[in-house]
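Produce the entire structure from the sequences given, and follow the hints as far as they go.
Number of protein chains: 2
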Amino acid sequence: MNIVLIDPPPAEAELWYIQEARQLQHLQQHLKLQVGEQLKVGIRAGQRYLTEVVAIDAQGVALKPIMSQPCPGKIPLTLIVALPRPKVLRRLIMDSVSLGVEKIVLIHSYRVDKSYWQSPFLQQLPHYIDLGLEQAGDTIAPQIEIYQRFKPFVEDVLAAQIAAGQTAWVAHPYAEQAMPHAIDHPCSIVIGPEGGFIPYEIELLQQNGCQARCFGTRILRTETAISYVIGRLYQ
Amino acid sequence: MNIVLIDPPPAEAELWYIQEARQLQHLQQHLKLQVGEQLKVGIRAGQRYLTEVVAIDAQGVALKPIMSQPCPGKIPLTLIVALPRPKVLRRLIMDSVSLGVEKIVLIHSYRVDKSYWQSPFLQQLPHYIDLGLEQAGDTIAPQIEIYQRFKPFVEDVLAAQIAAGQTAWVAHPYAEQAMPHAIDHPCSIVIGPEGGFIPYEIELLQQNGCQARCFGTRILRTETAISYVIGRLYQ
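Keeping their order, the protein sequence lines are chains A and B.
Just so you know, we're using this note's numbering here: the first sequence kicks off at 5 and counts up by one.
Just so you know, we're using this note's numbering here: the second sequence kicks off at 5 and counts up by one.
Worth flagging that the hints you see were computed from the coordinates, not collected in a lab.
Certain hints may be false.
Unchecked claim - Derived BS3-like pairs (lysine-lysine); straight-line CA-CA distance at most 25 Å: (1) B:107 / B:68; (2) A:107 / A:78; (3) B:36 / A:118; (4) A:118 / A:107; (5) B:91 / A:36; (6) A:36 / A:68; (7) B:36 / A:91; (8) B:107 / B:91; (9) B:118 / B:155; (10) B:36 / B:68; (11) A:91 / B:91; (12) B:44 / B:78; (13) B:118 / B:107; (14) A:91 / A:118; (15) A:36 / B:118.
Claimed, not checked - Some, not all, of what chain B presents toward chain A, calculated at C-beta under 7 Å: (16) 6; (17) 76; (18) 78; (19) 99; (20) 140; (21) 186; (22) 190; (23) 221; (24) 222; (25) 223; (26) 224; (27) 228; (28) 231; (29) 233.
A virtual CB, placed ideally from N, CA and C, is assigned to each residue, including glycine.
Below, the structure written as structure tokens:
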């Protein structure tokens, strides 16, 4: 946690309050926060501030804002990813958010177990987003979209974005062309499930304008592939 | 698990055997392996083969090699990383190995809790390496070195490598110059602990020839930073 995210305080408030149990526990047990110390705080969907701790009591931590600080910018990436196992979902969302992905799209695919769509972890997305924002010092949540049917997503949603000029690449270990380095334009990256997309899915993506690109012959876990690709594509 | 790693069988053996409980469980429960199917197998520190399953019984899986397959190459990277929390160590080693890192060096740093060095997880490194190799389809374990004292490591070991012509960069969010993209030479990357290196450590690294490089203003988790940097540096 490199900043503490709080809901927007009333405009006239002189003091702000941290009252979420998870955050208070972290501040007390890990940081051993004391009155008089400085603390970085982000207003959800707003600015980031350096603050001073003016009181710590049973109700929470009271803060006085000192000065605003710049938020890191997003990268113009739409990450389209086959819904992973529930245990992986938390890390995948948290990492993608901390890396600054602008939009995350979760899709179905043949090798996604249908039970994953019933997982209670899917209800926790806002919490995972908070963890990623607090890790990276960001305050702006990415857009999240969910499509439980592969074919309509590719033929209607993705194809329309590509027709409108968006570059889209699917990470595919058997593609001949390599994923580029250091691009300076927005793009969409499609990442398959454990075991990869089936040939029909790769073909449907390609027929709809999505280009297959490899990055070496090593097969990576989904989370590893995501940060690898982002490091490669953007400054 | 994209290949199954086994110890080198006797040179005259016509059949090879998988007998490790972890691997057998995966093959039976996840892949529901049947006699007659093909299976990718790697000989530890040796070649990779396509094999055919000729028998499955209480003692294990018997295989007949069909043909050898190419192993993915390593990247000429020495990854020097402050020992992470025990729970993170498994993923960090597994990911670094699956990404093809040639050498991994675990070091102490001011913000590494001393208790981490007593963790039983440190005894599990060979197992974590196996997991990374089996993920990536590789058979060659990276070199692993461990230094429990920061200053002697930097002044003696790292400085000597730099003096011998090796480029070394420390990932540092406040550096002015950015980490490059797509290099074509070996290098060492130094990654700090949660909370980062302290200023004294950054200064000592720089005094010994290690150059500080940033990659954006976002603060990433160690594991995320490693795959991000590797995607950025190498093809």
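Checking one constraint from the list: CA of residue 36 of chain B to CA of residue 118 of chain A, max 25 Å. Satisfied? Within the cut-off at roughly 19 Å; holds.
25 Å limit on alpha-carbon distance, applied to hinted pair residue 118 of chain B and residue 107 of chain B: 23 Å, holds
Quick check on residue 78 of chain B please, does its C-beta sit within 7 Å of some C-beta on chain A? 10 Å, violated
Does residue 231 of chain B hold up as a contact with chain A if the rule is Cβ-Cβ below 7 Å? OK, holds: residue 231 of chain B within 7 Å of chain A, min 4 Å.
For the pair supplied as a hint, residue 36 of chain A and residue 118 of chain B, is the alpha-carbon distance within the 25 Å limit? Distance of about 19 Å is within 25 Å: holds.
Holds or violated: residue 91 of chain A to residue 91 of chain B, with C-alpha atoms at most 25 Å apart: 15 Å, holds
Below or equal to 25 Å on CA atoms is what counts here, so check residue 44 of chain B against residue 78 of chain B. 19 Å, holds
CA of residue 36 of chain A to CA of residue 68 of chain A, is that 25 Å or under? Between residue 36 of chain A and residue 68 of chain A the Cα gap is close to 18 Å, so the pair holds against 25 Å.
Pair hint residue 118 of chain A and residue 107 of chain A, alpha-carbon separation not exceeding 25 Å: OK: residue 118 of chain A and residue 107 of chain A at ~23 Å, within 25 Å.
Is residue 107 of chain B within 25 Å of residue 91 of chain B, Cα to Cα? 21 Å, holds
Report holds or violated for the interface hint on residue 99 of chain B, using the least CB-CB distance to chain A and a cut-off of 7 Å. Result: holds, 5 Å to nearest chain A Cβ.
Going straight from one Cα to the other, do residue 91 of chain B and residue 36 of chain A come out at no more than 25 Å? 22 Å, holds
Comparing the model with each numbered hint stated earlier shows that hints 1, 18 and 22 do not hold.
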